[in-house]
Amino acid sequence: MWTELKAPSLAEMEATAHDIFERLPAEFRGLCEGVILRVDDFPTEEVMDEMKCESEFDLLGLFQGVGLPQQSLGDVARLPNMVWLYRRPILDYWAEHDESLGHIVRHVLIHEIGHHFGLSDDDMAAIEAQAD
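Residue numbers for the sequence shown follow my numbering, beginning at 640 and rising by one.
Keep in mind the hints are simulated off the structure, nothing from the lab. A hint or two may mislead.
[Said to hold, decoys possible] Listed next, with one range per pair, are the computed distances between beta-carbon atoms:
#1 A734 <-> C692: 16 to 22 Å
#2 D731 <-> K691: 17 to 23 Å
#3 D761 <-> D688: 29 to 35 Å
#4 E672 <-> A765: 17 to 23 Å
#5 E672 <-> D762: 17 to 23 Å
Built from N, CA and C at the ideal position, the CB exists for glycine as well.
With the hints as constraints, model all of the structure from the sequences given.
Shown next, in the form of structure tokens:
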């Protein structure tokens with residue numbers, strides 16, 4: 640896991656995110672089969688427009704795909720479900736708050752994966768507490 644006081648590169652942030660994912664509760668990880676985790680500096684213009692973002696720093700992460708509550712057996716083949724973490728907005732948030740970078744990445748990761756499952760904020764908070 641990345642622990643330096645300098646901003647991590649994209650590769651370091653992605654490695655940190657995968658590290659954090661591996662430490663989430665096993666039952667939660669088991670449900671994530673097929674979800675792809677990616678890190679990019681910023682969301683695309685298309686994503687920013689779709690999410691009605693005023694700034695490229697407004698979005699820390701995003702779940703793209705069809706969440707489990709919306710899936711059906713009759714679904715045709717589609718793109719894989721993905722969780723995006725946006726490095727620069729996360730770093731900006733980190734610089735402005737008194738939280739560790741790892742805690743912020745874990746929170747965003749759990750929140751975005753939670754969208755995949757249709758979890759409530761309370762459910763996501765419980766998962767985050769188990770990951771501590």
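message: For a quick check of understanding: which of the numbered hints are violated here, in increasing order?
response: none
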